[in-house]
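As you go down the protein sequences, you meet chains F and S in turn.
Residue 494 in our numbering is what sits at position 467 of the first sequence, and the numbering runs on without skipping anything.
Residue 1514 in our numbering is what sits at position 127 of the second sequence, and the numbering runs on without skipping anything.
No lab work stands behind these hints: they were computed from the structure.
By construction, the Cβ of each residue, glycine as well, lies at the ideal position given by its N, Cα and C atoms.
Worth double-checking, as some hints may not be accurate.
[Unchecked claim] Restraint-style ranges between C-beta atoms, simulated for each label pair:
1. S/E1685 / F/W203: 32 to 40 Å
2. S/T1548 / F/G195: 21 to 29 Å
3. S/Q1659 / F/A174: 35 to 43 Å
4. F/A196 / S/R1672: 52 to 60 Å
5. F/P474 / S/D1595: 44 to 52 Å
6. S/D1627 / F/L331: 53 to 61 Å
7. S/Y1714 / F/L184: 36 to 44 Å
8. F/E216 / S/D1718: 39 to 47 Å
9. S/I1638 / F/A174: 30 to 38 Å
10. F/L184 / S/S1743: 36 to 44 Å
11. S/D1627 / F/D455: 54 to 62 Å
12. F/A196 / S/L1517: 52 to 60 Å
13. S/H1760 / F/P93: 49 to 57 Å
14. S/D1687 / F/A185: 22 to 30 Å
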Amino acid sequence: MAASYDAIVIGGGHNGLVCAAYLARAGKRVLVLERREQVGGAAVTEEIFPGFKFSVFSYVVSLLRPEIIRDLDLARHGLHILPLESTLTPLPNGDYLAQWSDHDQTRRELARHSLRDAEAYDEFGRLMHEMARAVKPFLGMPAPDPASLKPGDLLGLAQLGRYFRSLGAEKFHALWKLLTMSAADYLDEWFETEALKATKSASGIIGTLLGPRSPGTAYVLLHHYMGEIDGVFRAWGFAKGGNGSVSAAIAGAARGFGVDIRTGAPVARVLVTNGRTTGVALESGEEVRAKLVVSGADPRRTFLGLVGAEHLPADFLEGIHRFRFRGASGKVNLALGELPNFICLPGAGPHSSTTLRACLRGAISISPSIDYLERAYDDAKYGEVSRRPYLDIIIPSMIDPGMAPPGKHVMSIFVQYAPYHVNGGWTDARREAFGDAVIDTLAAYAPNLKSAILHRQVITPADIERIVGLSEGNIFQGELTLQQMFFLRPVPAWAQYKTPIRGLYQCGSGTHPGGGVMGASGRLAARTILKGRAA
Amino acid sequence: MLRTTPFHPRTSSLCLSHAWRRWSGYVVASAYELSHEREYHAIRSAAALFDISPLYKYLVRGRDAARLLDRVTTRDIARSGVGQVLYTPWCNAAGKVLDDGTIARLDAETFRMTCAEPNLRWLEENAIRLDVVIEDVSESTAALALQGPASRAILQQLADTDLSELKYYWLTATRLRGMPVTISRTGYTGDLGFEIWVDVEHALSLWDALIAAGAPYGITPAGMLALDVARIEAGLMLIDVDYVPARKALIASQTSSPFELDLGWTVNLHKQHFVGKPALAAEARRGAQWGFVGIELEWDALEKLYAEVGLAPQLPSAAWRTSVPLYVDGDQIGYATSGGWSPLLKKYIALAHIGSRWAAPGTPVEMEVTVEHRRKRAAGSVVKKPFFNPERKRT
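Extracted from the complex, chain F is given alone in its bound form (with noise of 0.2 Å):
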């Protein structure tokens, strides 16, 4: 390649285009590589079954930063953000639980399984809502260090330590019990309604290999309620066309802004001269040179795969090998004939009530208790897929009937437990079982699912590896759990994007904040990088 660089950023993943979108921004001349033949990373739209389009991995948008939105215009590039407004738990004994996006009707549905949860729910909401206030600014600054005594650090903490006295008491007290409670026990410090508690806790345990009664579960509560501050940017919800479609739009502002980006482009090596990054070799052979290199891969694969143990300090590397991933969880993709037809949901056709379809067009969660959920995380635990996994479903053809020919169905399955360590391992055999396992799971509870199917998709751990290049199929590249946060996330003291390679930096979902189909790690580096000398 003729061209020079200032930049090249590995992997075309959201954060990989949102970083090379801001340093384009700032002036740099970027290149990204990706290694597969399209962009998106764990984020893209395949149609793995003619006709039929699939947000293959990641299913929904969570919290992408309305920062973003708005300094790549990407509206204008074609991101459009559908609601997902209602979650349907649908119960073992016929009947469900529904949340609705009204706070009546909510409060009503509440009512009918507890009059006592469907007024604490409103205490709960507002609570958590200051809650997700006082945490949201750590999502939007790199996290400063307390064992730091460099300046930036130091006034990073000054400010969030004024925040937290601003909080007051009450809100500090709660916000402690947050990082330190499991799921459950929080939960049930305001809820007595099973499903209620099951539902709520999944969103802590999503992507990590725990429980929800495993301690520090609570804190990832607060995730949802994050994305109700960003409300009118829909931060949570369906893009139009799949996933792939956020990608695409970050993708079209990173080119721009001049950014070239290169498909089917594997990196094998970042080149490492005197502890200063000089480039990156391709695997075809090709080197390209440039005095940054920003890596989007997970923290195991950029330094045990591309930077090599032999131009790493030992206590970087040590960090780097106790930075957990885990897999926990894999997804069944479904091409449908018709409907599911629930049993607690009869004739929720494409005829009947608004109200029985408005359920279909929200999240489908299979959660109908907490010991339900638990018995799940045990299975995995020793090293077993979930007999009855815990399910996220959504169909996106009720949401953008662009997905699926007319009348027909996609219908996305997030499923957990399939842990990475498997005993045994991961077969075609096991890939197979686990996906009937699924299918049985939510046929009980929608008997015309069997019969609905045309095609499916099963995919593990070990394929989300395999295909993404997530270490571990770790959706979040690395748990999102406490002791791998916010100023330790991925390594103590190398939590601010910069590497011990002078040049190389990280832009991932491995590094603060991380987790979901959010940017803010993309932007955060871009900033860092711009602010420092670099390069």
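We have chain F; now place chain S onto it with these hints.
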């Protein structure tokens, strides 16, 4: 699912305007006719019939029922008589208003509490170790308000008891055409009026009986738009409009104490303990920072602002409920939260929060008015509430 009230089979066929609004998850008529005007005038000249079923209603019973209610509200419940109804706010520990409503003493150990917001959980939390049972009867109890000068005459034809004996803010358990009801002499219009509480099974028969008996007197089903004008004339505040309940407030400055809402008369600091008492006692010593007052604009000032652009004054026919700044000497010293034109008083009136030092009646203030897209300030003054307070309300 948005619900309809027990009276919906009747109200829906009457609602020619198709103008509905939401109230606590129910749909109720904004106006039945194409304009709410006639409905408003029925309140002041005949009798208007309102469906108020969406109110939250709780039955509080037991040996400690009065103790519980004394613990949570600001008024002296224990000393209320059987058959008496008390209007009261209730507060959080910081002395900020959570909600307001009425407490009716049905017998020595039974009370009915009406509220704008759900309060079951909060009551239960305060009922620990008390011998009391709290029952949410919101859905099983339907309610109508019959308000206006003819209301008593209409009800009297149907009721077994002599309603001329029923005093303002008292109630009676009686029968209307054989249906067991309680009738309270209460309302939200500041006029002679009654509220009738009945089991849902009798709801439609009650409606039909009232309409039949009321027809010669001009009974008029009326919606929320008419009620809004009347309650402002009566100086009665509305939750979520005139104040933010403390449970929903996101920042402390959004909350209000009873003193700041001109409800100091409801705060009984001689009671033993009640939620918020220490904070309220301190505030009583210190003096409230805010007042909640009536504002009346000067017609001449309004007319002049419109005349400047070649228009006659254009006044809102329905009440507004937005925050409108108030000024003294060019500084903002408060804000009105609802207001409008009073067709009865022929005055432009508003309810407003205002810094205490400007809260005395007679204080001249200016209120923002938008005249042909431009913000102006019209002269007015603080006046005593209620704006309208007819003798018949109490006699």
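Status of the hints after comparison with the structure:
Between S/E1685 and F/W203, the C-beta spacing of about 56 Å breaks the proposed range 32 to 40 Å. Distance hint for S/T1548 and F/G195: a CB-CB separation of about 53 Å, inconsistent with the stated range 21 to 29 Å. The supplied range of 35 to 43 Å is broken by S/Q1659 and F/A174, whose beta-carbon atoms lie about 52 Å from each other. Range check, F/A196 to S/R1672: Cβ separation about 24 Å, and the 52 to 60 Å hint is violated.
For F/P474 paired with S/D1595, a C-beta distance near 47 Å keeps the hint of 44 to 52 Å intact. The given range of 53 to 61 Å is respected by S/D1627 and F/L331, whose C-beta atoms sit roughly 57 Å from each other. At roughly 43 Å, the beta carbons of S/Y1714 and F/L184 sit within the given window of 36 to 44 Å. Between F/E216 and S/D1718 the beta carbon distance is about 46 Å. The supplied range of 39 to 47 Å therefore holds.
Between S/I1638 and F/A174, the C-beta spacing of about 34 Å keeps the proposed range 30 to 38 Å intact. Taken as a hint, the range 36 to 44 Å holds for the pair F/L184 and S/S1743, whose Cβ atoms sit roughly 41 Å apart. At roughly 59 Å, the beta-carbon separation of S/D1627 and F/D455 lies within the given 54 to 62 Å, and the hint holds. Here the CB-CB span from F/A196 to S/L1517 is close to 28 Å, at odds with the stated 52 to 60 Å.
For the pair S/H1760 and F/P93, the supplied restraint of 49 to 57 Å is violated, since their beta-carbon distance comes to about 31 Å. Restraint check, S/D1687 to F/A185: a C-beta distance of roughly 57 Å breaks the suggested window 22 to 30 Å.
The structure does not agree with the numbered hints 1, 2, 3, 4, 12, 13 and 14 stated previously, though it agrees with the rest.
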